[in-house]
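Participant: Just so you know, the sequences run in chain order A and B.
Residue numbers are given in my numbering: position 287 of the first sequence equals residue 287, and the series is strictly consecutive.
Residue numbers are given in my numbering: position 33 of the second sequence equals residue 352, and the series is strictly consecutive.
In short, the hints are calculated from the structure, not lab data.
Nothing here was measured: the structure is a model prediction, and the numbers come from that model.
Idealized CB from N, CA, C, for every residue including glycine.
Which chain B residues face chain A? A few, computed with CB under 10 angstroms, are given here:
| id | residue |
| --- | --- |
| 1 | 320 |
| 2 | 411 |
| 3 | 413 |
| 4 | 414 |
| 5 | 416 |
| 6 | 417 |
| 7 | 418 |
| 8 | 565 |
| 9 | 568 |
Non-contacting residues of chain A with respect to chain B, defined by C-beta distances greater than 10 angstroms in every case (computed):
| id | residue |
| --- | --- |
| 10 | 143 |
| 11 | 157 |
| 12 | 197 |
| 13 | 221 |
| 14 | 222 |
Single-letter residue listing:
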Amino acid sequence: MSSDTLISVSHLSRFYGPICAVNDISFELKRGEVLGFLGPNGAGKSTTMQVLTGNLAPTAGAVSICGMDLLDRPKDAKAEIGYLPEQPPLYTEFTVDEYLRFCARLNRIRREGVDAAVARARERCGLGDVGRRLIANLSKGYQQRVGIAQAVIHSPSVVVLDEPTVGLDPIQIREIRKLIRELGEEHGVILSTHILPEVTMTCDHVQIINQGELVFNDSIENLTRKMDTDSFVLGCRRMPPTDTLAGIAGVTGVDAIDADHVRVHHAPDDNPAEAVAARAVKEDWGLFELSPERKSLEQIFVELTSMEHPADDTEEEAA
Amino acid sequence: MIWTLARRELHSMFLSPLAWSILAVIQLIMAMIFLTGFQQYYEVQAQLAMLETPPGVSEVVIGNLFQSTAFFLLLVIPLITMRIISGERRNRTLPLLFSAPVSMTEIVLGKFFGVVAFLAIMLAMLTLMPLSILFAGSIDFGMLASVLLGTFLLISAFAAAGVFISTLTREPVVAAVSTFGFLLFLWIIDFVAASSTMESDAELLRYISLLQHFDAMARGVFRSSDVIFYLLFIVTFLVLSIRRLDNDRLQH
Numbered sequence: 001m002s003s004d005t006l007i008s009v010s011h012l013s014r015f016y017g018p019i020c021a022v023n024d025i026s027f028e029l030k031r032g033e034v035l036g037f038l039g040p041n042g043a044g045k046s047t048t049m050q051v052l053t054g055n056l057a058p059t060a061g062a063v064s065i066c067g068m069d070l071l072d073r074p075k076d077a078k079a080e081i082g083y084l085p086e087q088p089p090l091y092t093e094f095t096v097d098e099y100l101r102f103c104a105r106l107n108r109i110r111r112e113g114v115d116a117a118v119a120r121a122r123e124r125c126g127l128g129d130v131g132r133r134l135i136a137n138l139s140k141g142y143q144q145r146v147g148i149a150q151a152v153i154h155s156p157s158v159v160v161l162d163e164p165t166v167g168l169d170p171i172q173i174r175e176i177r178k179l180i181r182e183l184g185e186e187h188g189v190i191l192s193t194h195i196l197p198e199v200t201m202t203c204d205h206v207q208i209i210n211q212g213e214l215v216f217n218d219s220i221e222n223l224t225r226k227m228d229t230d231s232f233v234l235g236c237r238r239m240p241p242t243d244t245l246a247g248i249a250g251v252t253g254v255d256a257i258d259a260d261h262v263r264v265h266h267a268p269d270d271n272p273a274e275a276v277a278a279r280a281v282k283e284d285w286g287l288f289e290l291s292p293e294r295k296s297l298e299q300i301f302v303e304l305t306s307m308e309h310p311a312d313d314t315e316e317e318a319a
Numbered sequence: 320m321i322w323t324l325a326r327r328e329l330h331s332m333f334l335s336p337l338a339w340s341i342l343a344v345i346q347l348i349m350a351m352i353f354l355t356g357f358q359q360y361y362e363v364q365a366q367l368a369m370l371e372t373p374p375g376v377s378e379v380v381i382g383n384l385f386q387s388t389a390f391f392l393l394l395v396i397p398l399i400t401m402r403i404i405s406g407e408r409r410n411r412t413l414p415l416l417f418s419a420p421v422s423m424t425e426i427v428l429g430k431f432f433g434v435v436a437f438l439a440i441m442l443a444m445l446t447l448m449p450l451s452i453l454f455a456g457s458i459d460f461g462m463l464a465s466v467l468l469g470t471f472l473l474i475s476a477f478a479a480a481g482v483f484i485s486t487l488t489r490e491p492v493v494a495a496v497s498t499f500g501f502l503l504f505l506w507i508i509d510f511v512a513a514s515s516t517m518e519s520d521a522e523l524l525r526y527i528s529l530l531q532h533f534d535a536m537a538r539g540v541f542r543s544s545d546v547i548f549y550l551l552f553i554v555t556f557l558v559l560s561i562r563r564l565d566n567d568r569l570q571h
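If we strip away everything but chain A, and leave its shape as in the complex, we get (with noise of 0.2 angstroms):
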């Protein structure tokens, strides 16, 4: 296994009873990446982020931190994890530089290395003026924080972090994912979501998970180019005759939105807007729009998660 490899999880299922939460996953966390956890609610998500975390035994299978498997050696794996529930675990009663120095000492930082470690999570953070605040009484935004600096004042290699924008305003969201990105560069992050922009905009790696199972696990360039589909919008003051449209080579159907604009077809891998354009300028037809349109992340995910149904049934059948 190389050294970069943070997380390693092989062939992980999680029952609770009878009902499945986690069916045979397998993926792999590294360096400097972010990786991003999607999947609509009860999917499973945070089952597996428990389980990544030790805080659920896995049913089957086996977790491996920087080599080190989380069962055989749980100190020394849990050491170099850094874990942020969806609620974030913090004792009201104290003050942040308390917490976080508690937080310190129970990730076995040595006590001459404390105060050091609580300035620079303060810091990263941003929680430069609260260390004196009760974390009962900060905002839902700040206690977040508090919750990620707890998470990352060892440097471990890894972070865990569930849903960390869950209940912020945009402009602490916005904070909060400049963090996770910044977090990115010198630890592997591991985020959940349902916020599908959220994904594209701080992860490297997309994971696509539905009811216990992966069903999209790759990177976000690769998403992407999943998202262009076979169609651009064409805007022109006078508009050509649809047949002309159509006559252009790589055209493959004309859609008529309204008077100004039409929905120009093709095949994905040919795409004819340049041949239009240049014909547009050829024949002045007043060209003033020509957007590709992408398939919004929502719709993949509709696509990817709804799909299982159907296949289900045929299996069934087959079967």
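Go by the hints and put chain B onto chain A.
Facilitator: The following block gives chain B in isolation, referenced to the frame of chain A:
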């Protein structure tokens, strides 16, 4: 690591008004009992002096004081231990401990020693009262040591049972009520023994009663079997707590 956890537990307790009010109330009530006991002893001192082996002030006043303390703590300890685990479960702070590089044993021991440290502080403050007799006379230090050890072991046993019951639920109040019921049951079980007709049953019931083992020590009788009884009691409940917490990870 156990020390870090115990210190946090103690710190948390003193950040809430609960710890301070418990300390204040118990000090006040025990001072009343101490002074009343002292007064009574003073009144009957003349008659006592005519006995062949008159009981000393230590035996009468100190024994009585710590027996009352033990009973009072039976009511109070469930309130201290109730939030130990169930409070964390309720506030969802347990993942912090579970995902840190500490073992379940360390978590349970840390929490238990946190409570025990608080009880030790309380006991130290109460001990100041019998020590104040030294201004006017002398006390039997052997007797004092025996009764202090007995009280300490007894309330540690209460705390161990409380910690275990706290691991069973996520509602602190349920934990408090159950712990109180359980401790009271173990306390009064020798009343049942007294009315039991079967001698062998009575023997067994008397043996598992927490009160029986304490009474001897409160009279200044030190038996290692009593000490071992309490230690076994504590270890049993701590092991059960560790198992119970481990089970949290296996099943939900």
